[in-house]
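J.: Each chain, written out:
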Amino acid sequence: QVQLQQWGAGLLNPSETLSLTCAVHGESFQNNLYYSWIRQPPGKGPEWIGEINHSGSTNYNPSLQSRVTISVDTSNNQFSLKLTSVTAADTAVYYCARGKLQAWEVHLYWGQGTLVTVSS
Amino acid sequence: DIVMTQSPDSLAVSLGERATITCKSSQSVFFSSNNKNYLAWYQQKPGQPPKLLIYWASTRESGVPDRFTGSGSGTDFTLTIGSLQAEDVAVYYCQQYGYPPRTFGQGTKLEIK
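Taken in sequence, the protein lines are chains A and B. In this text, residue positions in the first sequence follow this note's numbering: the first is 1, and each later residue adds one. In this text, residue positions in the second sequence follow this note's numbering: the first is 1, and each later residue adds one.
Where hints are given, some of them may not hold.
Unchecked claim - Derived DMTMM-like pairs (lysine to aspartate or glutamate); straight-line CA-CA distance at most 25 Å:
1. Lys44/A to Glu87/B
2. Lys51/B to Glu61/B
3. Lys44/A to Asp66/B
4. Lys109/B to Asp66/B
Note that these hints are calculated values from the structure, not bench results. Every value quoted in this text rests on a predicted model; they were computed, and no experiment measured them.
If we strip away everything but chain A, and leave its shape as in the complex, we get:
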């Protein structure tokens, strides 16, 4: 059974860098699907941040592209999110997710979520 476990700092000051990591348990990194980061501000709908595949090819949300980096560490079965220069608008629950083989880009398995609060 595939499980995603994520971790990272939950409280940041404005201008700091958000850093989260997601470990994939139960399988090795798959070639033909995407691993994604999605965030959800309190009381709002999900916002897609970006995705990476096994070979490191990425797609990012243009609204965040100048500040976001998603990377993969296949040797440790992990992928990571970095978001620089955070502000209060970046306060949200952040989720990692894994696609499915029949539809690479959907989000079948999800991490437990990390509430990241940006406040001085």
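Fit chain B to the known structure of chain A by using the hints.
T.: Chain B only, in chain A's frame:
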């Protein structure tokens, strides 16, 4: 970016009755290359991540009850819950996954009348 618009924003339905949620995309998410609509539906309960219900607009994910049905093509899609159960109370989101950024609708909150 493709804008996904759901209606209604909230919905109250009696147990055993049908619930219908619509989702409209600002441009077509149908790809003639593989004859597929890149549209998914998710269910989210409080304190949980979203759960994938439907992909390719009408393919039910494994383990999802058959009372959940997805339909539509191009820019107009529908999620129907055939006979509402108490455990179906949740927020439902559509998502287009054909083009990055893979945008979500604003959500429809489903409650029991």
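J.: All the hints need checking, so say for each whether the structure fits it.
T.: Checked hints:
1. Lys44/A to Glu87/B: Since the Cα atoms of Lys44/A and Glu87/B sit roughly 21 Å apart, the hinted pair holds (cutoff 25 Å).
2. Lys51/B to Glu61/B: holds, 10 Å
3. Lys44/A to Asp66/B: Violated, because 28 Å separates the two Cα atoms, which is more than 25 Å.
4. Lys109/B to Asp66/B: Measuring from Cα to Cα gives roughly 20 Å; hence the hint holds.
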